[in-house]
Every structure is written in structure tokens, then in C-alpha cells.
Amino acid sequence: MTNGWIDIKNTDMMLIMGGNPAENHPCGFKWPIEAKLNRNAKMIVVDPRLTRTAAIADLYLQIRAGADIAFLGGLINYAIQNNRIAHDYLVNFTNAAFLIKEGFKLPEDGLYSGFDSEKKTYDKATWNYEEGGDLTGKAVAAMAAAGAAAHKAHTSDTGGGQGHQAASRMGAKGSAGTPPPPMLPPKVAYDLSLHHPRCVFQLLKQQYSRYTPEMVERITGIPQDQFLKAADMFTSIRKDGDMKQVATIIYAVGWTQHSFGTQIIRTAAMLQLLLGNVGRAGGGVNALRGHSNIQGATDMAGIFEILPGYLKMPTPADTDFAAYLKRITPTASKPTQWDSFNYWSNTPKFAVSFLKAMYGPAATKQNDWAFHYLPKIDRNYSWVNIWNDMYEGKVKGLFAFGMNGVMIGPDSQKNIDALKKADWLVVCEIYPDETSEFWKAPGISPDEMKKIATTVYRLPGAGFAEKDGTFVNSARWLQWKNVALPPPGQAKVDQEILATIFLKVRGLYQKEGGKFPDPILNLSWAYTDRKNPSLSEVAKEINGKALADITDPKTNQTYKAGQQLPGFAALKDDGTTMSGNWLYCGSWTEAGAMIQRRGTEDPSGLGVYPNWAWSWPMNRRVMYNRASCDLDGKPWDDSRPQVWWDEAKQSWVGNDVPDFKPDSNPKDHMGPFIMNPEGVGRLFVPLGAMADGPFPEYYEPIESPIANPLHPNQNNNPVVKKYKTDMDKYGSVDQGYNVICTTYRLTEHYHYWTKNNPMNVQLVPEPFVEIPVELADKLTVRGGDKIKVTSARSTYIAKAMVTRRIRPMKIDGKDTFQIGIPIHWGFRGIAEDEDKTAKTLANQLTPTVIDPNAFTPEFKGFLVKVEKA
Amino acid sequence: MSDRRTLQIKQISAHPGPIPGEGVQRDLEVCKLVDTTTCIGCKACEVACVEWNDMPFTPTTFDNTYQTMPETAWSFWNLIKFNEHQREDGTIQWLMRKDQCMHCADPGCLRACPADGAIVQYSNGIVDFNQENCIGCEFCVSGCPFNIPKFNPTTKKVYKCTLCSDRVGQGLEPACIKACPTGCLKFGSKDDMKFIAEERAQQLREHFGYANAGVYDPASIGGTHVIYVLHDATRPELYGGLPKDPQIPWSYTVWKWLAKPVLGTLALFGLLGVCLHYVTVGPRKSQPEPPPRKER
Amino acid sequence: MEFSRRTFLKSTLVGGVGLSALGFDLTPVYAQTQGLKISRATETRSTCPYCSVSCGVIIYTLGDKAKNAIPQVVHVEGDPDHPINRGTLCPKGSSLEQDILNDRRLLKPQVRRPGSDHWEDISWEDAYNEIAQKVKKTRDDTFLEKDPAGHTVNRCEGLAFTGGCTDTNEFNYLVVKTMRSLGVCYLENQARV
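Chains as they are written, first to last, in the working numbering: chain A, 1 to 869; chain V, 1001 to 1296; chain U, 2001 to 2193.
No lab work stands behind these hints: they were computed from the structure.
No false leads were slipped in.
Short derived list, chain A residues pointing at chain V, Cβ under 10 Å:
(1) ILE33
(2) LEU37
(3) LEU50
(4) VAL761
DSS-like cross-link-like pairs, simulated, lysine-lysine; straight-line CA separation at most 27 Å:
(5) A:LYS504 to U:LYS2137
(6) U:LYS2065 to A:LYS531
(7) A:LYS786 to A:LYS868
Where a beta carbon is used, it is the ideal one built from N, C-alpha and C, also for glycine.
Chain A with its partners taken away, still in its complex shape (with noise of 0.2 Å):
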């Protein structure tokens, strides 16, 4: 979330789509609750079925999954059509203004400039910022100019020199593997009147004129007058330029299980720059995210490419540490007049006390800090590519701490025939859970049994409520919890089972030597409890400490050797300072375990809460928030004032920290986004940082009822690729895949957990299928009847639900049908147990394809067929 939970309340206008939070947030769903009692903030919903969420919305519109990008093209269409935007804050706090290369090409035969059909990849070269200085007022020539230089050819593009790769934003998955592409011009071209018909604005007004209410109701379904009822409701507080109202945009994976995931939030994060709601309270772009933790797992790096903070992983070509902080340090690329923060510029501080903290004495500037120690990816090792590697023999062993790869997905049964060629599997858990008897799954004859060579280990480990630690929310906040009463039986707490195996096989390399022993030998391992940390001594580590007196030039203060660390300005590249994570720096200091206050105090009344707990980066809590504010410095609602410049004080100071450099005047025209180099917000992507287009452009998923309407010959989203393996198999309308399918969760279990629970089983007992009354009556089938739902790869069976709250929907003409299944029951849970279900697997129907950022699988909207069983 670019803000947070409660400040929702300060909303005036909802957005809730792709994501259904009174079912999956109830208690954060108290905050959007908050925005419509005391604000009589509007809400409206966009879901493919009428959620518990749609339950209460003012406005709910029942979209086909996965035209997400259709209808949010449209809304940025509408806004623009209808001069419902804002306008100081596109052209100043935006790349609205930038030039953009000549060359570069929008997707009106579906495919951008610089498309290897071959290799299904992009040259984004022409995808760049054009260099020069400022042309306000130099449209007409330009234009005349550009006409000119039209049919010119690319250009090469090193002319920028000093650039480097456009730095991911916060969260960002790079591309990983590729060869440093391209750099961002360090001067950029840029007009102020917006009318150069290469600037960011023109380009994002013609892609989007596409995106006719017209088209949006062949995309999407939803009738035209029902598109343009929410898209003057959304825009409305935008009416007649006036910017005291807010509106925000709340998603979670209903966007981004896509096969263009990245790019939905990308169109409402421009959607958002565009009508100036980011960095503003009851504003943004909000990631509900859906588990207690995935966000810190995101943050401490449990995602193949990336290190803590967001440090990207060295590549093969980084053949040495400077080779490869040159790659991962961006460079400042800017109007001249502008200034840009560019705090991205610090990653070598941040790269060297990573890697202090990991080895210790061992990482010295001789050795350039143990870089090699760390291993070296060009290519895509995410969560699909572990099963299909596994499938295909290359993964030998896989530790599973609290992840059920079985039921998650997607093509459950691929990932258990994965599991059946590997040596050995190591699984840590609280319940007995489906990958860990992968090998007893149902269908799984004796014979085939006894053929089934894998080892698995399966370790009793310890439930939230007996250890201790911290979980981040969606909103950043890292929150200590405490030990409530030790595990039960012979369990373990995960920390002591992952040290011990990591001490045994560190005494195994010392006895009998083997492979690159060095960082196995050398990893930092200074715990009082070797065997077992305490997670408090790691959470120190973490944020990090002084290895040598050190001295802050701008502040004059000093740090003792061993002393905690205040914030990640401290940080530094020689070698004086570790840091687990920059980004958690400031979050146990001296003064304390900041992640563990609990100061109930909001003296704003924006609910800020400034002393509980603690948020990244440096306790904000409203990200971008210089945003909220005018050129001048002065916020733009004074009833939400979040932060502000104080002439008197020549400092930024508010009520929330300040996203800023503090000390930067107003008259400075320091751009807000501080992460990026450009330090503006991006409405276009430059070069590296998406896999698929500068804009986002509208794609069907990899299984559609219909041909792409706005370029029927460039159907899927061109740079996915499918799999190839024996088991993956995708369906078509063509071999009676004629039903659009859709998985999510119920607010009454937790994913795969749950269902060992008696008290959520009594409240949904089985696992069942919603699906349309006409459908139903179609097939002859009344609610309880047990359905076959069936997609390319395989058979789901279950109770039918059948409801009015998903009705059938004209796609492009074609009468089509939705339906949903509830991912929550696998073969081992109490009703499993009891053999009240079938033990078929939601996930055994999903495909296996990918966002080609985030590496997200496409759970939503795929194709399946539906019979009475």
C-alpha cells in the first residue's frame, strides 16, 4: 500500500477492484466503512461476481475476469475526454511532460515498438526519454518535426552515456538475465504546455483513445451506461479542476494473477497520477497483499531476484562488485531545471552493509566485500519454474517451510508429479498438508506408490502464537508479537529447525570439505543460541549497527562501534556500518525496539499513529507524501494537511514524516517520486523495468472466449510464453472450454489452513462451485448437485452453488458464462478426513503461465467446462 489501513478513512471516492476486502480484510474493511459514515465517501465495486464487498458498495458492476486493463483504460480515457484531471500535479509530478524518443510506436496492431516475434521479447530501445532541454511553446515546430523524422529508423541509444537502467520502483520485479539494456538520458526533453505530440501526455491520450465506452462493453461486458455511471462517479472529484478531493484504488490478486497482473496496477497507478492521488491521504494506489507476512517476505527478499530492500541480484555479467553496483546504481534523468533525489543513488551503502552483515570479518574491500559469495542469475528461478524445473528433473531438493506448493498451484498435478522425481523433500509444517503427502494423493495407486523415490522429511514446526517476530502488513508496518506458550509435543520453533540443519551442513563442509565451502564457512552465524537465534538478536542485525566510530558529516553525530543504528542515512560503503536490510534501518535502534511500541496516540486525526509500531521507510506512513502538496509546498486540501514546507524553518515537517528530502525548497522543483531517478511519477515506463510496453495495453488472458477486439491478431499479451512440458496443456472455446472460471477465497477459511479448523468448518463445511441460475438451469442442475467442472488439465468436483449474484454477461457480443471456485479443500483436512468432499484440488484446473514481471501465475480467468456429475 502506498498508504494504509485507516487512512482509508479519509477517503471521498472508492475504487475496490480486483480485490474483495470485506471477505479477505474484514477488519481493515472497518477503515473504507469509516470513509463512507463520516465522509459519505462512495464506493464503487468491479468484480466478476457480486462480492461480500459488492454486498455494500454504492455502485457495483460485474466485470468478465481479467479485462481489468479494458475498463481502467477507459476510466483514463474519461478523465481525459472530460478534463477531469489534474493538471499542476501531471505536469509537475509527473513524466507527463517528458519526451519520448522518436521511433517509439503505440500498440495499435497490439504489439510495440521493438518486437522480436522470435525470441517473443522487446529491443526497448525507442522506449526511452528523448534528450534535450525544455520546448514549451515548441510544439508546432516539433510536431512539423516530427512528421519529418517519422519513417526515420531507430536510432542507436547510447547516446545518454551517463545513464544507467531506469531503477525498478519499490516492489518492482526486474527483469532478470537480461543484459543491461539501454540508459535514461540524464537530460531529459520535456514540454510544460503538454501539447508536443511526442510528450508522455499525448501518447498516453491517443493509447487510451482506444479505450471507447464502446469497446470497454465488448471487452468487458459491463454495458456502456453503467462503464460511464462509475466513470463519472470515479472522476467526480476531480470536477472543474478542483483538487480538494480524494479518491483511492484498493486492489489485491484479482489483479495481479494475470498474465498481465503487473500492468492492471500499473493502468491504476497512472489512472491515480493522472487525477493527482498519490501521496495523498485517503488516496493511492493500495495493495491489500493477502497474507500476514508476504509483504516483509517481499521487503527481506524471499523472491528470487532480488536481496533485502529491493537490492537487485547479481547477474553472471556483474563480473565484479563495481560492475555490478554500476548496473544497479540509477542516475539522476531530469528536466535540467528539476532536481531529483534520486535516493537509489545510495545502493552502494545499502549493497555493502548487506553484505557486512552476512559475512562478517570475511566481506573486507579486498575481496570486494564476499560479492562472489553470492550466487549469480540471468535467468527466471520463480515459484512455477521450481515445479516445471522439478517436473523436469533439474531440482533435486526443495524445503518447504509452511508453503503447500501442492494445493497453491497452479496445475496441482504437475507440481505432485514434480514432487515424485525429486531426491528428497524437506517440509515444515503445523498440519499435515498436501505437498507433504503428495505421495499419497488420491489416484496414486500401490504400485505407483512404491515406484515414488522421494525422501520426505516432514517436521512438526510452531504455530504463530508460540514464537515470536515480526510480520509487516500491506501497510508497512512491522509489528512484534510475542510468545504466548511453547509449541506442542515435540515441535519446533522454525528458527531452531532451519539453524541446526544450516550448523549440519556447515560441519559437514568443515569435516569433509566440498564445493565453494568459503560462504557456507564464513556466513556471519554470531548468535547466542547458535542453534537456536533469538529472533530479537536477528531483528537487531537487521536494522543494522556501526562496525567503527563513525560520524554523520551532515548531522555531526556520532555512532560508537556496536551501536544500533538510527536510520539508513547512516548507512555507508566503507565497511563501517552492516545492515540485514536498509529498509528496516531505524527499526530497532538505540532508543529501542521501535517495531515493538505501541503509542496509541494519532494527533492529527488523519490516523497516522506515528508511535505504534514502526513503518517503512523511516516510520512513514503515507509514501510520496510531498505529493499532497502544491508546487509551493502547501497542501492541497488544508483539512488533510499530511506534511508541508515551513519557510521559517526552510524544512518539510508535518504530521506524518516527510517522503522528502526535508531541506528541499519548494522553489527547488524536486520531484516527489524520490525512488525514481526521473523523480517524478511514471505515467510511461522507460526502458528496462516492464517486460511488456511502456503503457499498459489490453490482452485477453492465455485462455479467452474471444479474439482480442482491439487487435484481434495480437490475442495474448505478445511476450508471455507458454510451458512445454507433457503436462501443460491450454484449453480454447474450439475443445468446448466455453466457461470462464475464476478462483478465489472465502472470509470464512484461510487458504489451506483452515480447513484443519472445526469452528470454520461449521461455517463452510465443502467445497462448491458458484454458479449462474441460468447456467444452472441449462445443465439441469439445482444448488447441492454435484457439478464436474473441467479445464485443459484437469477435473474439479463439487456441490454447485447456484446464484443471481453471477449473472451471465454478453463478452464481444457472446453470451458467456462465469463461474467461481473457492480454493480452500485439498485431501487432508477434517472434511477431507471425513470423506465429505472429493478431494479434487481448485488449483489441478488452473493453468501454468505467468505475469512476464511479477512472475504471478494466472489463477483468474481461464477457461473450463462445466458438467452435472
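Got chain A sorted already, so can you dock chains V and U onto it with the hints?
This is chains V and U only, laid out in the frame that chain A set:
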């Protein structure tokens, strides 16, 4: 003195003579407010109720609905009722209403009950069942206009929501109220709840286009200590059969009217109750135990 | 009318009706002052492990932390001080007691041997030793120091680690430390899906 710390009684079922301890302390009339327009049917209240009261888990089966079970049960006092309502324009409204004891000002159950002290009404408005005194005759079941009290065939007693009288007696809000994620449940004085409910109804009428929004606090039973805000107060029956004009069966009204002034007849009715109990339930075989605690 | 010794012990009469010295009274009980089941339980502040709202919860355990009392959960309720949930909990958070105290919990290490159709118990020590040997063998078998172009890669593609959503920051950090030092590239988490 311990009695100073307990809830103050206002009415006792089938009780001869004055109410013990009546009028020795002031009391606040409490009330639960259920705003159906912000209820998301999450069932947190259902779970909080089962958990706080340590009730055993009840097997359920799929019934083509999100609703946990068709009606409240002796071990499930709090049920969200889900209703799909098709508006005139064809769109669907998914209505959710928390169903539980309404804690009526004039409780039909208490009027109907022939067992001395099986049902009491505290002066704060809570209507509570004392299973110790219950004879299992189920008159209360038929006396209730909301179909709330439920008989447990094992213990041969009747159970229902207590409005967490144990918590309220100790200064805490009821468990369901505390849990409610959206704040559609509120708890406080009846005056405050009425005020908040009316304001919300007005807001719904003025700002959200619900012309018929209103408050459900039926006068036919003297008002209730659970009140609803409804999108359409003219059609409470859409919300899982909430009666528009709830009535206590006339027989119980008449009985009450007869019984109250004639103390002597009360004992007779008590006896009648015992006889009826014998007829309907049968002779007591052994000392029943309270609802089984959950197995560990 | 019914009464019992249990009734007598559990209840207090209201309204000044005295108890007889024998411990029996023919007057029915009208109101009860039951103590709260949590009034002397130990309170521990924690965070709900389910969704990403991270509601504050209070776990009530039996006993007052005296040495001989083995804590066991008796109730879980929302933390009213927590700024986001303010004491509220959803149906999953409200049932956390059953997550902690659940007869389906795994209580001892087990192993399924190749070709076997059942779980066998194994001691922690044996499990650790066997796992460590397997990790080392897989790593040594699949470790790659240089890629075909001669660049240092120092990676191990035979090993994968998948972490769950309730793994804490501190645990995840230990995972990064240990797994990256083993050369693991396939390092993934629920955060992806």
C-alpha cells in the same frame, strides 16, 4: 455485598411475589445496534459467540447458501441470514442480517414461561435464561415472535443468546460486538443506539439514495434491545424473515394478563407447566448435565 | 424446581434471599454472577497470522505464569489498543483458539522413505543428520562455479526453498543468509503467488 455487583432484575418468569432486590440500584438500559447496511456477513459475530460461550461445534452441510445453518441452534445463538433480493430493475441486492435474541422490552418467552426463574429480564434490558430453573417445556419457543429459543434434546433445556450477560455484568461489551470488524454492531445505552441508528438512517436517505431507510425497533413488543438499521424499513421481511409487526401469541398475553394480578393462580400454572412438560418431554430419567464442553 | 449442589456452588443469589446453613435453598436462582473465564488468565499480545491487516490479538492462557502451570490457550480476543482492528477480529481471527489448540497438529518428526506407503517416526537428531547429508550431496552434485562464458556464478540449481506467508521477517532473513550462502537461486515465497 455480592448482590450489589450483579445485574438488577426487572422481571422473572412465573414468579410469585415481589421481584427480589428490585429498586436497590440504578441501571442503564443497554442496547445492541445492528446496521445491516454496513454488515458484510463475515460471521465474526457467529464465531465470537461460539468461542466466548465455549459451545460445541455443530456439524453443518452445504445448503446452496453462504448462511452457516438455516436457523439459530441451541449451540449457535448468533446467525447471519443471507438473502439475495432482486430489485425491480433486475439488479441483485445481497442482504445480510445478524439474527439473534432481540431482548424484547416485553419478552414473549418470559411471558410464556411457566418455570419460576427460568427466564429473567434484567433492568438493563437483557433477557436471560437460567437453565438451572428451566423445565424444558418449550413454551418460550412458541412465545417468541422471532423463533429464537432452541431446545437441546440432551440436556432438555432451552438456550439462547444471553447478550453476554456475564461480560456485561463485568463491564465488558458482548463478544459479538467486540469482534465485529466493520462496526456494523454497536453496543451502548438504548438512547445512544437509537440516536446513532436514526442518524445513520437519515444519512442513508439523504446521501445514499435509500429513500425508505429506517430503524427497526418494533413498538408492538415495546421495542427491543437489539435494533436494526435497514435499507428499506418498510420491508423487514426481506432480511431473512424479520417480522414487520412482531406479536406475542395472544394466549400468552392473556395468560400474563390473568396471571399477573392473581398471584395464587400462578402456582397452578406452574403446576400445569410441570404437567405439560411431563406430557411433552416425558419423565426425567437422570440428572442432565449442561451443554457438553468441547472436547480437547 | 431443580437445584443441585453444583448450582449452589456456582451461583450467588440475588435480592437478599439468604442461603440456608445446610447449603440448600428451595428458592430458585434468579441471576448469576459468574466470574469471567479470562479474568485471571495471562494475557499475551500477538499478531493474527492470517491476512495482511495484521490485527492485534490478545491470547489468554491458563495460569498466572507460575512455574508449575503449563500455559494453554483458553481464549483469543482482539486487542482494543491496536489502531487498525481496535479489538475487532474476523471469523478466522476469532477462531484462533482452535488453531493453537488443535488435535490435528503435528507433534513429532516423521519420514516417508522411498517407495514406502506410510510415515515413520524419526528422532530430531536423525532427521537433522539425514537432511544435512542430502543437502550437501545435492549441492555438491549440482553446484556451478562458472557459466559457459566463464563468468563466476557460484550457484546451486539442484536446491529450492519455498517459504510460507507466516514466516517472520527474522526467519526470512535467516533463510536468505543460509540459502543464498548455499548458492540457492530457486528461493521463493507465498509473496509470489
